[in-house]
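J.: Okay, here's what each chain looks like letter by letter:
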Amino acid sequence: MSGFAGAAIAAVVGALIAGGASLGLVSSQTAVPAPIDKEYVVYGTN
Amino acid sequence: MTPRALSVSAALGLAVLVLGPALAPGYVLLYDMVFVPQQDLLPASVGLGGQLPRAVPQDAVLAVLTAIAPGALWQHLALVGIVAGGALGAARLLRGTDLLARLAAAVLFVWSAYVAERLLLGSWSLLVAVAVLPWALSAAVEVRRGVPGSAARLLLLVGVASLTPTGGILATVLAGPVALAQGTRLPRTRGALLAAGMLAVQLPWLVPSLLHPASGSSDPDGLAAFALRPEGPWGALVTALGTGGIWNAEVVPSSRSLVLAPLAALLLTALVAVGMRPLERLVGRAAARWLLVCAVAGIVGAVAGAWDLTRPAVDAVVEHVPGGGLLRDGQKWLAPWTLLVATSAPLGLHRLLVRVGDATARAALAIGLVLLPLAVMPDLAWGGLGRLQSVSYPDDWAQVRSSLESTGAAGGDVAVLPWSAFRAFDWNGGRTSLDPAPRYLPRATVVDDTLLVARPDGTVLRVSGEDPRSASISAALEAGRPLVDVLPGLGVSYVVVELATPGPPPGSALDGLTPVLRGRTLELWAVPGEVAPAPVPSAWAVAVVGLSYVLAGLVLVTSLLVGVIAWRGMRRGRGSVATLRAVDESKEDT
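From first to last, the protein sequence lines stand for chains W and U.
Under the working numbering, the first residue of the first sequence carries the number 1, and numbering increases by one thereafter.
Under the working numbering, the first residue of the second sequence carries the number 47, and numbering increases by one thereafter.
In short, the hints are calculated from the structure, not lab data.
Keep in mind that a hint or two might mislead.
Stated by the list, open to error - One-sided excerpt, in silico: chain W residues whose CB lies under 7 Å from chain U: (1) A8; (2) Y40; (3) N46.
As the list claims (entries may be wrong) - Computed footprint of chain W on chain U; a stretch qualifies when at least three of its residues, placed anywhere within it, have a C-beta under 8 Å from a C-beta of chain W: (4) 522-534; (5) 569-580.
Glycine residues also receive a C-beta, built at the ideal position from the N, C-alpha and C atoms.
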């Protein structure tokens, strides 16, 4: 039973993440602070 | 479909493939590329503001154009013109060769690291000039061969390229000597007029540069910040041969660090060497060799700023020679090399293919060269995979502009916060862009003109600006003083605060100011009480700069009229077609 529940939860979470990623709501960058939090904007990096 | 319609369709198709989402309605705001719905003609537009005139006469031209149609239209035309116009120009230089060679020239030119990196840095006016280069070289070759109307066409093209100082220099230096050097069929008097005309269209940027108090002095730190940047362990020279190496790592397509990039650079360089002889036959020895000289000079100039051994010499030029600051962004001088690669490499391949017996293998290799740039740098497609994207300005911007317009002649200039030159608005997807306020607002603005460039070791290099009013506000903010203490003396009546972008909170800086408008993305604050008159350029400076525009305008209008008359003459067949054919077939040693 617990194995089945684990699989079901994993499937639901996986579907949510996939759906979120397709809509741009979730990405590998989600945890990065928004640029607004930075002190300044640099022209670039050399 | 006629061959011409086919060429134009292919070039436009290439433009769609490169620009993609940038062609949607709205404005592309990316690094140096900032267009606004309507740009006013302000002192800074003609180079008489506090900062060195780097965007002249580009801003003055846009002020006139946006009085006719919104900036979005001109931006889209410029972007499409860069890609489609550049492709058609490169193909035109190889007129008389087979379709695949011309197609390869078109693709190699616009699907180059040079165009990709400059496009993603938003150097649109430089790229307009680069797209003009093959057309200008073609016109110069025709001047040399005595084709009627070609001198007028060359002047017009150099005029378009001169939207920006670097563009004007590139076009003049590349095309001028080809048209005028020994062996030209242009009579000496007309040659002198052509040379004077090419100089006259440079005046709108040259005159304000000489008048500016900070002319001749550039922050030497700029060289370290803006020197060519090797894109891999293969170093600066191979990077330059691949036409890449822009200073800003953030705008470089990821594919540039793959090993395919240097391999393709070396292959194309070898093909350039093989293709020089056929290029000389096609455009004349003088044009081909001068293009080679300019290309080599550009490579030397670009890598000299990147090599430790030669950097001190370039440093000294940047710091002490008037106008030496133009050298600090070395990679931009690779434009002639980019054109040489695009035109000579296809001819080199076709010269080698003569020895291949199998027709299928010949065709496959020729098609391979057309597709090589796409295979080496696929991530330029679709606006650099979404980096170029149109957005709309939030309504707050129009409201603040309207509010400032309604104050009429009363009041002074506008200071803009956050106190930094660049923005990363959330409504622009967090893309870095120059602050649009100086172009969007109907009044002269005072902004932070210090450029911040991050170094790989995590430090941030500050490249100083030149505007003394900007320096005064910087000092006040650093000291934590309210702006109301300093702005009245500087002739500043308003403060615009841009929200939804990184920057320190205004804190006490706004203490004592009166809110006028407070939107989600933009706020307008008024400075209460008496404000000193804003500095205005002296009457003689305005007169001299105005005269430079009049002279350049006269040259361009005259060229247009002469060009149209010559073109109509050719259409009527008054011997010009016969003349053209005779010139083309003369095999003169040009």
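J.: Just pull the numbers of the violated hints for me, sorted ascending.
T.: Hints 1, 4, 5 contradicted; others consistent.
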